[in-house]
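Engineer: Residues per chain are reported as follows:
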Amino acid sequence: MPEQPQIDLPKVERPQEDRSRPERAMIEIRNVTRSYGAFKALDDASLTIREGEFFSLLGPSGCGKTTLLRMIAGFDNPTSGSISVGGQPMEGIPANRRPTNMVFQSYAIFPHLNVEQNVAYGLKRLKLQGGEEKRRVEEALAQVSLTGLGKRLATELSGGQRQRVALARALVMRPKVLLLDEPLSALDKKLREQMQVELRRLQQAVGITFVLVTHDQYEALAMSDRIAVMFGGKIAQVASPKEIYQRPVNRQVADFLGGMNFVKAEIVEENSASLVVDTLGFGRVKTDKPKAFVRNGGAATLGIRPERLRVLWDNATAKFEVAGKVVERHYFGEITHLIVDIPGLEKPLSVTETNDFGADDIPVGTSIRLAYDPEALVAMAD
Amino acid sequence: MTAAAEGSSPLRMTRARRNALLQSEPVQGFALISPTFLYALILLVLPILVVIAHSFWTQNYLTIDRTFTLENYRIALTEPIYRDLLWRSLYISLTVSLFTVILAYPIAYFISFHGGRHKSLWLFLITIPFWTSYLLRVMSWKVILGYNGVLNSGLMGLGIIDEPSTALLYNSSAVIITLTHAWAAFAILPIFVSLEKVDRTLVEAATDLGDGPLRSFLRVTLPLSAPGVISAALIVMIPTVGDYVTPKLVGGKDGVMIANAIQAQFGKASNWPLGAALSVTTMLIVTLMAGATVLIIRALQRLAR
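Quick mapping for you: the protein sequence lines, in order, are chains A and B.
Counting from 12, one number per residue, gives the positions in the first sequence under the numbering used here.
Counting from 2, one number per residue, gives the positions in the second sequence under the numbering used here.
Hints were generated in silico from the structure; no laboratory data involved.
Be a bit skeptical, because a hint or two may be false.
To be verified - Partial selection, computed: residues in chain B whose CB lies under 7 Å from chain A:
hint : residue
1    : E26
2    : A185
3    : L203
4    : A206
5    : L210
6    : G211
7    : T222
8    : A300
Stated by the list, open to error - Simulated crosslink set (DSSO-like; lysine-lysine; CA at most 27 Å straight-line):
hint : chain 1 : residue 1 : chain 2 : residue 2
9    : B       : K120      : B       : K143
10   : A       : K135      : B       : K254
11   : A       : K201      : A       : K245
12   : A       : K336      : A       : K275
13   : B       : K198      : A       : K162
To be verified - Reference excerpt, derived from the structure (chain B facing chain A, CB under 10 Å, subset only):
hint : residue
14   : R19
15   : E197
16   : T208
17   : G213
18   : P214
19   : S217
20   : R220
21   : P224
22   : Q302
23   : L304
Please read these numbers as outputs of a predicted model, since none were measured by experiment.
Ideal Cβ positions, reconstructed from N, Cα and C, are used throughout, including at glycine.
Let the hints inform the model, and build the full structure from the sequences given.
Structural biologist: Rendered as structure tokens:
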């Protein structure tokens with residue numbers, strides 16, 4: 012194995028990107044419930060979406076995220092609770108008079124109209140004077156890089172182009188809020204990743220509040236200012252992508268956002284801001300207490316992401332380390348997943364290493380040591 | 002390869018070729034359509050050829066003179082009575098198809114958009130009138146529109162008219178009313194099918210872009226259901242031009258149509274060649290009219306954008 016210096020995981024003050032904006036509420040969702048008979052598609056959800064932010068509703072299918080989006084758009088109404096957009100209560104206002112526009116999952120491009128006519132659809136009613144309509148259509152097409160394709164029929168467009176037309180058609184209306192219902196799910200992986208970047212760029216250019224519904228956690232993490240994670244009609248956590256990923260409030264959220272090693276812990280000491288817990292593998296650990304932490308007896312769960320564990324090479328040492336034995340190795344090109352059995356832990360740890368130091372060459376059965384940062388160990392509700 | 006194997010190979014090849022021919026797509030296709038194709042050939046194409054041939058011949062009392070002549074067409078196109086009958090037939094069939102489509106559209110729309118779980122029940126209900134014979138349905142219109150009919154007694158009972166109106170029965174309006182009712186189901190079905198194909202998200206998208214219910218209907222639903230409207234109009238228009246029973250029963254002398262004249266030529270007047278010429282003329286005019294209808298509706302559709 013190659014020579015490597017000691018890893019000390021020094022405390023570095025990293026510059027924090029300021030993604031917060033003046034906190035003016037654009038959408039207020041207050042105790043909204045939507046029932047279909049006995050089934051509650053949305054159960055007492057409350058949420059504030061700020062002006063100009065890129066907000067994602069993330070969750071598995073059937074979690075109520077699309078129901079919530081459709082209620083903001085006006086295609087569905089809450090059984091109870093209230094929604095307001097731009098300070099104006101939306102109750103009784105039909106979808107065609109709301110200051111929102113939607114990009115549909117199927118794009119809903121009018122097949123009997125060409126690209127230009129599709130984009131101009133909503134403007135026709137406004138009867139704009141002196142070439143204003145044409146100018147705005149051109150501008151919208153330029154925003155989504157479709158200049159010159161105005162005369163194409165909807166049937167002659169590729170999936171990615173149809174998506175751009177749907178986007179231009181909504182943006183040209185200059186809505187207060189743009190709603191996107193799984194807009195990238197029909198695209199192939201490469202195009203999807205490209206569109207993620209473009210959508211984010213576009214949102215920052217136009218400054219409109221975007222609300223995106225998605226079941227793809229990477230999409231939500233890559234594009235959003237803030238994310239609401241939903242399960243079974245309830246909002247589990249609302250936070251920035253980084254906080255959602257690093258400090259999930261419970262196992263469900265942690266699991267949905269990617270790999271997570273769960274470790275059983277015994278609470279030794281609890282105060283308002285922190286917890287001291289005993290674990291078998293990691294010993295005694297002091298961690299931040301999650302905001303919504305509900306103590307369930309003396310037990311808690313700690314979680315650590317696979318990429319926050321580092322393989323220690325040869326005689327390198329770290330302040331915090333655990334020792335174990337490699338039981339499985341999975342190769343993924345740029346990374347390798349190692350499954351490492353730690354004495355005392357009921358489940359082996361999963362470790363992600365980039366393949367620059369030869370993690371892909373560690374034979375199964377090797378005894379290794381893993382370095383970790385105690386800050387990466389997060390306590391969460393079960 | 003042995004000599005024996007070489008000797009048997011040409012035979013095997015012919016068999017293989019025959020099998021390949023039998024399994025080829027065109028041959029299989031022809032085999033599949035051949036019963037219907039023969040049926041259509043014998044009972045549709047041949048009679049039409051016979052009619053076309055007759056239209057160029059002359060009736061010579063009991064025999065047919067088979068020298069080529071255009072005299073029959075001259076009579077069919079210039080004789081005022083036939084011209085009038087043709088015009089009236091076209092007028093009646095156009096009016097009937099217009100009314101049928103206008104009346105059928107809301108029904109089809111209701112079933113498609115608001116039929117919910119009961120769509121098939123609604124479609125089933127529409128077929129109920131077809132459980133009785135067409136003649137009975139025409140006769141019942143006679144009962145409704147007649148001098149002492151339901152409509153007249155009803156209007157008199159309400160004091161709207163003093164004496165029974167004779168304007169209801171035995172004229173072209175009676176034919177139009179009866180035919181519109183008779184063909185309704187044939188118009189509802191194609192319109193229903195095309196409305197079913199309209200993606201509901203498109204209507205939502207129109208609403209999202211600011212259109213109220215009427216605007217989104219006119220700008221999205223109606224243009225997208227145009228194929229159904231075209232087929233409904235054609236399905237009603239083409240057969241009604243040549244309808245014979247309805248004018249005979251409720252048309253009186255003002256409601257006579259071209260088919261009654263054709264029937265007379267083949268029957269009492271016993272002038273088959275003239276009857277044949279009238280038939281061919283009618284067929285050609287219907288073809289032109291059907292083409293024109295398609296073009297007009299397409300143009301309207303383009304205008305709606």
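Engineer: It remains to establish, for every hint, whether it holds in the given structure.
Structural biologist: Hints versus structure:
no.: 1; hint: E26; verdict: violated (28 Å)
no.: 2; hint: A185; verdict: violated (27 Å)
no.: 3; hint: L203; verdict: holds (5 Å)
no.: 4; hint: A206; verdict: holds (4 Å)
no.: 5; hint: L210; verdict: holds (3 Å)
no.: 6; hint: G211; verdict: holds (5 Å)
no.: 7; hint: T222; verdict: violated (11 Å)
no.: 8; hint: A300; verdict: violated (14 Å)
no.: 9; hint: B/K120 to B/K143; verdict: violated (32 Å)
no.: 10; hint: A/K135 to B/K254; verdict: violated (53 Å)
no.: 11; hint: A/K201 to A/K245; verdict: violated (32 Å)
no.: 12; hint: A/K336 to A/K275; verdict: holds (20 Å)
no.: 13; hint: B/K198 to A/K162; verdict: holds (25 Å)
no.: 14; hint: R19; verdict: violated (44 Å)
no.: 15; hint: E197; verdict: violated (15 Å)
no.: 16; hint: T208; verdict: holds (5 Å)
no.: 17; hint: G213; verdict: holds (6 Å)
no.: 18; hint: P214; verdict: holds (9 Å)
no.: 19; hint: S217; verdict: holds (8 Å)
no.: 20; hint: R220; verdict: holds (8 Å)
no.: 21; hint: P224; verdict: holds (5 Å)
no.: 22; hint: Q302; verdict: holds (7 Å)
no.: 23; hint: L304; verdict: violated (12 Å)
This entry does not satisfy hints 1, 2, 7, 8, 9, 10, 11, 14, 15 and 23, going by the numbered hints stated previously.
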